[in-house]
Each structure stands twice: as C-alpha cells, then as structure tokens.
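A.B. asks: As given, the protein sequences belong to chains A and B, one line each in that order.
Counted from 1, the first sequence has number 446 at position 399 by the numbering used here; the numbering is strictly sequential.
Counted from 1, the second sequence has number 288 at position 241 by the numbering used here; the numbering is strictly sequential.
Just so you know, the hints here were simulated from the structure itself, not pulled from any lab data.
It is possible that some hints are incorrect.
Distance condition first, Cα-Cα at most 20 Å in a straight line; then the derived EDC-like pairs of lysine to aspartate or glutamate [as the list claims (entries may be wrong)]:
| # | chain 1 | residue 1 | chain 2 | residue 2 |
| --- | --- | --- | --- | --- |
| 1 | A | K444 | B | E100 |
| 2 | B | K444 | A | E141 |
| 3 | A | K336 | B | E255 |
| 4 | B | K330 | A | E306 |
| 5 | B | K336 | A | E407 |
| 6 | A | K444 | B | E226 |
| 7 | B | K129 | A | E437 |
| 8 | B | K279 | B | E306 |
| 9 | B | K453 | A | D256 |
| 10 | B | K444 | A | E226 |
| 11 | A | K336 | B | D359 |
| 12 | A | K453 | B | D257 |
| 13 | A | K330 | B | E226 |
| 14 | A | K444 | B | E306 |
| 15 | B | K453 | A | E226 |
| 16 | A | K129 | B | D256 |
| 17 | B | K444 | A | D424 |
| 18 | A | K453 | B | E255 |
Residues per chain, in single letters:
2 protein chains.
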Amino acid sequence: MPGKNAFYAQSGGVTAVINASACGVIETARAHRDRINKVYAGRNGIIGALREELIDTGRESKAAIRGLLTTPAGAFGSCRHKLQDLAQNPAEYERLLEVFRAHDIGYFFYNGGGDSADTCLKVSQLSESMGYPLQAIHIPKTIDNDLPLTDNCPGFGSVAKYIAISTREAALDVASMCETSTKVFILEVMGRHAGWIAAASGLAAEREDDAPHIILFPEIAFHRERFLARVKRTVERCGYCVIVASEGTQYRDGTFLAESGLKDAFGHSQLGGLAPTLAAMVKAELGYKYHWAVADYLQRSARHIASQTDVDQAYAVGRAAVEFALRGDNAVMPCIVRGGGKRYSWHIGAAPLHEVANREKKMPRSYISRDGFNITDEARAYLAPLIQGEAYPEYRKGMPQYVRLKNVVVPKKLQTQFKL
Amino acid sequence: MPGKNAFYAQSGGVTAVINASACGVIETARAHRDRINKVYAGRNGIIGALREELIDTGRESKAAIRGLLTTPAGAFGSCRHKLQDLAQNPAEYERLLEVFRAHDIGYFFYNGGGDSADTCLKVSQLSESMGYPLQAIHIPKTIDNDLPLTDNCPGFGSVAKYIAISTREAALDVASMCETSTKVFILEVMGRHAGWIAAASGLAAEREDDAPHIILFPEIAFHRERFLARVKRTVERCGYCVIVASEGTQYRDGTFLAESGLKDAFGHSQLGGLAPTLAAMVKAELGYKYHWAVADYLQRSARHIASQTDVDQAYAVGRAAVEFALRGDNAVMPCIVRGGGKRYSWHIGAAPLHEVANREKKMPRSYISRDGFNITDEARAYLAPLIQGEAYPEYRKGMPQYVRLKNVVVPKKLQTQFKL
Numbered sequence: 048m049p050g051k052n053a054f055y056a057q058s059g060g061v062t063a064v065i066n067a068s069a070c071g072v073i074e075t076a077r078a079h080r081d082r083i084n085k086v087y088a089g090r091n092g093i094i095g096a097l098r099e100e101l102i103d104t105g106r107e108s109k110a111a112i113r114g115l116l117t118t119p120a121g122a123f124g125s126c127r128h129k130l131q132d133l134a135q136n137p138a139e140y141e142r143l144l145e146v147f148r149a150h151d152i153g154y155f156f157y158n159g160g161g162d163s164a165d166t167c168l169k170v171s172q173l174s175e176s177m178g179y180p181l182q183a184i185h186i187p188k189t190i191d192n193d194l195p196l197t198d199n200c201p202g203f204g205s206v207a208k209y210i211a212i213s214t215r216e217a218a219l220d221v222a223s224m225c226e227t228s229t230k231v232f233i234l235e236v237m238g239r240h241a242g243w244i245a246a247a248s249g250l251a252a253e254r255e256d257d258a259p260h261i262i263l264f265p266e267i268a269f270h271r272e273r274f275l276a277r278v279k280r281t282v283e284r285c286g287y288c289v290i291v292a293s294e295g296t297q298y299r300d301g302t303f304l305a306e307s308g309l310k311d312a313f314g315h316s317q318l319g320g321l322a323p324t325l326a327a328m329v330k331a332e333l334g335y336k337y338h339w340a341v342a343d344y345l346q347r348s349a350r351h352i353a354s355q356t357d358v359d360q361a362y363a364v365g366r367a368a369v370e371f372a373l374r375g376d377n378a379v380m381p382c383i384v385r386g387g388g389k390r391y392s393w394h395i396g397a398a399p400l401h402e403v404a405n406r407e408k409k410m411p412r413s414y415i416s417r418d419g420f421n422i423t424d425e426a427r428a429y430l431a432p433l434i435q436g437e438a439y440p441e442y443r444k445g446m447p448q449y450v451r452l453k454n455v456v457v458p459k460k461l462q463t464q465f466k467l
Numbered sequence: 048m049p050g051k052n053a054f055y056a057q058s059g060g061v062t063a064v065i066n067a068s069a070c071g072v073i074e075t076a077r078a079h080r081d082r083i084n085k086v087y088a089g090r091n092g093i094i095g096a097l098r099e100e101l102i103d104t105g106r107e108s109k110a111a112i113r114g115l116l117t118t119p120a121g122a123f124g125s126c127r128h129k130l131q132d133l134a135q136n137p138a139e140y141e142r143l144l145e146v147f148r149a150h151d152i153g154y155f156f157y158n159g160g161g162d163s164a165d166t167c168l169k170v171s172q173l174s175e176s177m178g179y180p181l182q183a184i185h186i187p188k189t190i191d192n193d194l195p196l197t198d199n200c201p202g203f204g205s206v207a208k209y210i211a212i213s214t215r216e217a218a219l220d221v222a223s224m225c226e227t228s229t230k231v232f233i234l235e236v237m238g239r240h241a242g243w244i245a246a247a248s249g250l251a252a253e254r255e256d257d258a259p260h261i262i263l264f265p266e267i268a269f270h271r272e273r274f275l276a277r278v279k280r281t282v283e284r285c286g287y288c289v290i291v292a293s294e295g296t297q298y299r300d301g302t303f304l305a306e307s308g309l310k311d312a313f314g315h316s317q318l319g320g321l322a323p324t325l326a327a328m329v330k331a332e333l334g335y336k337y338h339w340a341v342a343d344y345l346q347r348s349a350r351h352i353a354s355q356t357d358v359d360q361a362y363a364v365g366r367a368a369v370e371f372a373l374r375g376d377n378a379v380m381p382c383i384v385r386g387g388g389k390r391y392s393w394h395i396g397a398a399p400l401h402e403v404a405n406r407e408k409k410m411p412r413s414y415i416s417r418d419g420f421n422i423t424d425e426a427r428a429y430l431a432p433l434i435q436g437e438a439y440p441e442y443r444k445g446m447p448q449y450v451r452l453k454n455v456v457v458p459k460k461l462q463t464q465f466k467l
C-alpha cells in the first residue's frame, strides 16, 4: 500500500535559496516512496491549495529537481496571502483540509516566514480537532532573518553576501572618484522592521575607515542632525562616505523616512524612496555630490553569488522537514543550531511551532555600535560564517542556467470552487 | 642607458575592469625595462599630473599588480576633470608637459572614454609643436560602449553581463509573486545618451514572453500612452511586466523623464529618479503594484561577476598600448576588432586618435525592435559574445579579495604649484 501524499508550498517573499529547500523536500521524499507517495506543490503557494491547483512534482525529471538547488525565486509560485483568523473565519482552513482529504494528503510542508509558521500551526491544530490526521511541518525561509529559535534563516546568508560584496565594490568606485566627483553614496537595502541585511554590509569593512561608514537600522531612531554631522565628519576624514540604509529607517515617532514628503507630479506621495530622500537631505544641508542605489529584488534573487552555507542550510531544512514527518513529528520547524566551538559549525534541531509563530527576532542592541551607526565585533562574529562559500550556478553562453519546471497541475477532484 | 619613464592615468567613471588595463600596461612595461624605466600613475587621474602627484608603480609587488586584474574601480584614483580648450587656454597642457619633462616621461597612456581621447590627442599635438617628444596612446574604457572604431569598449561587457543576469534573476522573483503581489518591476540602468547597457538586459530572455518585456532606450523618444498600453498588455498576457530603463530615457523634446516633476520636502527637484517616476506613472494610470531598483554604481563595479571576455580585452588593450609605444606609434588607440567568422573571435587593431575623439557611437536603429521596446536578433548576436565567461575573483572568508596598492607618490621636482 503506497503512503500518503505530501503537499509543499512556498510562502511570502521568495529568496535566492527557497528552491533549495524545495529540492531537499522532494529529493528526500523520493528516497522514501514507500512512505510518501506523491509530492504536490501549491501553485502560487497556499492559494494553490485553496483553489485546488496542485502541481505534480512527480512529472519533473531528477535533473530538473536538482536544478532547483541553483535556481532563485519560487519555482512553483509563492503568494502574500495571509489566512484569516481561525476563530472568526474557519472557512479557509476547512477548505484546505477538504482539498487535502480529496487528494489523500498526509503531510503539509509550509516554506515561509513568521506568518506562515502561524498558519502552519493552525492547520495542524484544526486537523486534530477535525479528526483529519495531518503532519504539519514548517520550513523556515526569510531574507529578513527575523524568525526566533533558529540561529539564522535560510535566505538571509545569500542576501547578506550580496549586500556585503556590493557595498565593498561600490565603495571602491566612490573612493576612486571622490576627489572630483561623488562624495556620498547611499545604498538602500531591504529590512522593514529588522536591520539584519543592512548589518551584513558591515562585513565589507576590513580596517578602520573602510566602508560602510554609516549603517542605518530600523532599530535605531533616525536623528537628522546626528546623521548629517556624521556624514560631514566622514567626508572630511576619508574623502567620501558610504551609507547603507534599511528601508525601514524611521524617526523616533515611527514615521518612515521614505514616506516623509516626496511627491510626484500628480501630488501622490512617493513611497520606497528612502535613498533619494537621504540623498536630497545630504545635498541640501551639506552640498555634497551624491549617488544612490536601491537594490530591491536584485538582492534577494542574486543566486549568482549565493552563499554556499546558505544553500546547504536551505537544503538541509527541506530534507529535515521530510525526515521529521517520517518519524512522526507534527507542528514543528527544523531550525539551524550553531555549534559552540571556535570554528563555525551547525546542525539541524527541531523547534515547536507554537514558540515560533508570531515572534520577531530583531537585532540585539549589542550587535549595533554605541553610536548606532555601525556593527560590533559580536555582530561580525555572528554574521561572517553565514556568507561563507560561493555556490555558483552553471553558466551557458555567459548566463546562469536556471531551471524551468513543467508545473503540471493535477485534475481537480472537488466540485466546489473556493472564492479567495 | 635606461629608457624614458611612462605616465599612466585613469579617466572618468571607473569600471569593473579598468584596473585590468592598468595591469596590462604595467606588466608589459616591466617586461621591457630596457626601454621603459618607470611607470608612474597619476593620482586621481590627470589631475595627478597637473599637481605633480605621481604614484611610483615600481613600489608595488608583482602580486599586487597581478591583483589589479581582479579588482574593480580605479586603483590609482580617477577624475572627472576635462582639460580646457587648447587654443583658448593652453596652460593646463603646458603644465602637463612641464611635469612630464621634469620626470623624464616619454610615454603617455591615457585610459578613458571620448573626452580623454580628445585630451590625449591634444597632448600629442602640443608635444610636437613644443618640441618635447612624447608618445601619446589612448586606452579605451567606458561602460557606455559609445567609442567609435572599436567593436566594443572594455568595461561594457561586464556591466552587460551584470545587468542581463540581474534582470533574469529579478524577473524570476516577480514571476513567482505576481499572482498576489508585485506586477510591474522597473530596473533603472546607466546610459545617459546611448542605450547599450539597457539593451544588454535583452540577453536575459530566451523565449517569447521572457523578461525583459520592455526596454527603454535614450535613442527612442518616450511616449507615455504607448508605454502604458504596452505595460497593460504585458501584465494581461504574462501576469507581470519587467521593464529595464536607461537613465537617459527622454521625451521627444529631449526632457529627461527623471527630471519631470518629483520634488522633495524642500521643493528641490529630485534627479536620477527615473525608476520611481515610471513606477508612479504605472501606479497612477494602471493601478498595478510595483517595485523598482536602481543599480547605479553596483552595475559598474560588479567585479564579482565580470565577463571573462571583457577582462581579457581590457588587459589586451593595456598591453597593446605599451607595445604600440615601443614600436614608435603616437596618437593612436588600441581597439577591439571582431573577427568575421561564425564563431566569435577578436584581435587588437590600431585606431588613429583624430578619428576617435569627440565621436559618440549610439545604438544602430537596426538593433532596436520596430516597436522600440526591445532588441533585435542582430543586437543579440553583437552583444552575446561580450558577456562570455565568468572571471571570478578569489574569495577569503566569503568576500572577494580586492587588492590595495601602496600608492606611494614620488617627491616633487617642480617649485611651482598648479591651481586647478
């Protein structure tokens, strides 16, 4: 008798390595065909389950599944759909279980951040109360590195590496030209609530006075005069100033800088313009020539320079999720546990989902320098191992070869349509 | 009797591979110590000569000079100083020759774009009329790929590769999420007058409907309604739309889009904001959720994913410059000549400087699709070989190892200071 089927879905913002977790899930499940029959993937994440759009990963070749290891973004599609509150509106959860029942799904693997950990927990609780046996395992993923209990989140190490490298490279450019041209360079990076990504730029510096000279964290209230004074002092001392700013940089009252006054020709407020806002401030008050960059999606999709450590860990949490399911676990999340030795090591542990859901891990204050503008040695020691190794993809004709899946959806079994 | 000394300077915006040209110059000169005594580099480009700040490259180890091959930006500093008109104000040119004479310089290697080719030509002419023998060789460099006579410019291939890869990666991200999130993604790239860099993004596409769906070139007048209609059609057809826009995108009357109406809280016009301007336009007219990125310096310093072809050619033009000088050439520029065969090949030719100076090579109309929104197969055939090969730098602790030179300035010999 074949085993139950498994359902896997990608949730929220994608990363350079979330497909490596998918690869870990599917390859491990294929190695246990006696226990896990088919692995279905949700088309566009959890809404694929709600709409009964299940991709049959069995239709993909071994090589295609292996190709996921080196392919960024979400190969099955992801979504930003947060399930409604269970107590007030259980319809979505009931629909999920209806679809799972129709397709004989006994394993639910949900690959996402804090919100999806919460969803995964609720699905697990409901399956119990509704008498439908389901093992729900959450697979951690987020570039923001803000999940609790795990030492770090798969997806973060690769963004960290990209931002650290980009900061070092751009800084060399500015240093070359600062005598007669640009004196201030601003790189805006992701991180609405936590400054982990901006912090990683600190790894670009090897010596005193190396860039980045100023890092802006959401955790530290922005103070206009202190910021401008630091820019001025840095330009006078080094000849130039490189600033890396979290998109979530905010004033003490919680106002985002990016929302503070830019308007377009139609009078609409311009959002997401933190870097130009800071640049305009520097120009108006100090008169320095500036340039700015906004990395946006480039940073979280940069598989061409992914961290080998990150890829290994992303695969490992996918594999562990299946292994946990096979040993009977429910409502858990594989997490990354850092070894205690001087040399970096890690292994996979298990975190109970009720301790993961709805908790956000911000930067410890001890990771941020006293003046609030840089990282400490403690932060450096934490961050450095996460960017180790270059997991290069293969190239053909000068371009990285990223896999394209067939993504064949299996026939529907339910008569009912579900309205999202 | 030792030979004359050489002077080398980097000019204008730096690139991921301009130091590879420096490496070619210095290594080749070192192999001919009987003819070329010392190689001095201008500190911060030509202003280093005007100020008599000459870096003695002889103080750098063999390994450090080799390290230039894999180090982005300008290792000796560059500048945006355009020499004044020779006829009206010969003072700067006379100062150059005075410094060259004091330091026994017989070879002038100027590594830059169109403006510096013009400077190099004038220095050569003046040395003749003033009876001071000097061989002036221009070494091509520009990410803009806008120099005439050479098939392509060293520096361009690496930007092209970076932009093509980044476009492919970000497009996978958008495609993953478009069902419930971002539908339009805009990547702003460099290129004020010529659309070569934006064109390179077209290499990201392998099949019909692949991103980029819209490329905006400075060569094609921007038409708001046609643009919006194309965005709408693309989203309806593909689910998402990826746009790569040259910073120099302009209306028919020559107004840059980036200058069209954004104002900050102080009422200052916001420059360099093409991507947010387009995003606001899309949002206001079509209502789609958008994201945008501005690559800025990241694109031209991205040595971590430089094109091997580009690095090879950058080194080769540096080497050839010295070889040309040694065979007695003057007022020439080594250029890249594409072989005629089906398989890409190239060799170094010589272009007379008076044919290079002050001419700008724009994209041929035949490289841009009839509708003005994409590249043709002809463009693809031209561009594809330039991004071949991955010239990875070495890494230590997860970060690329870029060389730091000592940059020791030799004692001044002149009593006079020169006021820039």
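A.B. asks: Keeping to a limit of 20 Å between CA atoms, is the pair of K444/A and E306/B held or broken?
C.D. replies: Answer violated: K444/A to E306/B is near 37 Å, above 20 Å.
A.B. asks: What's the verdict on K444/B and E141/A, does the C-alpha distance respect the 20 Å limit or exceed it?
C.D. replies: Distance of about 49 Å is beyond 20 Å: violated.
A.B. asks: Would the hint linking K330/A and E226/B be met if the CA-CA limit is 20 Å?
C.D. replies: The hint is violated at about 40 Å.
A.B. asks: Does the structure keep K453/A and E255/B at a Cα separation of 20 Å or less?
C.D. replies: 16 Å, holds
A.B. asks: Between the alpha carbons of K444/B and E226/A, is the straight-line distance 20 Å or under?
C.D. replies: 31 Å, violated
A.B. asks: Holds or violated: are the alpha carbons of K129/A and D256/B at most 20 Å from each other?
C.D. replies: Violated: K129/A and D256/B sit about 30 Å apart, past 20 Å.
A.B. asks: Check the hint pairing K453/A with D257/B against an upper bound of 20 Å on the C-alpha distance.
C.D. replies: Roughly 16 Å between the alpha carbons, so the hint for K453/A and D257/B holds.
A.B. asks: Take the C-alpha atoms of K444/B and D424/A, compute the straight-line distance between them, and say whether it is at most 20 Å.
C.D. replies: With a Cα-Cα distance of about 15 Å, the restraint between K444/B and D424/A holds, given a limit of 20 Å.
A.B. asks: CA of K336/A to CA of D359/B, is that 20 Å or under?
C.D. replies: 33 Å, violated
A.B. asks: CA of K279/B to CA of E306/B, is that 20 Å or under?
C.D. replies: 24 Å, violated
A.B. asks: Between K129/B and E437/A, does the CA-CA distance stay at or below 20 Å?
C.D. replies: Distance of about 41 Å is beyond 20 Å: violated.
A.B. asks: Taking 20 Å as the top limit, are the C-alpha atoms of K453/B and E226/A close enough?
C.D. replies: The hint holds at about 18 Å.
Figure legend: structure checked against the earlier numbered hints; hints not met, in rising order: 1, 2, 3, 5, 6, 7, 8, 10, 11, 13, 14 and 16.
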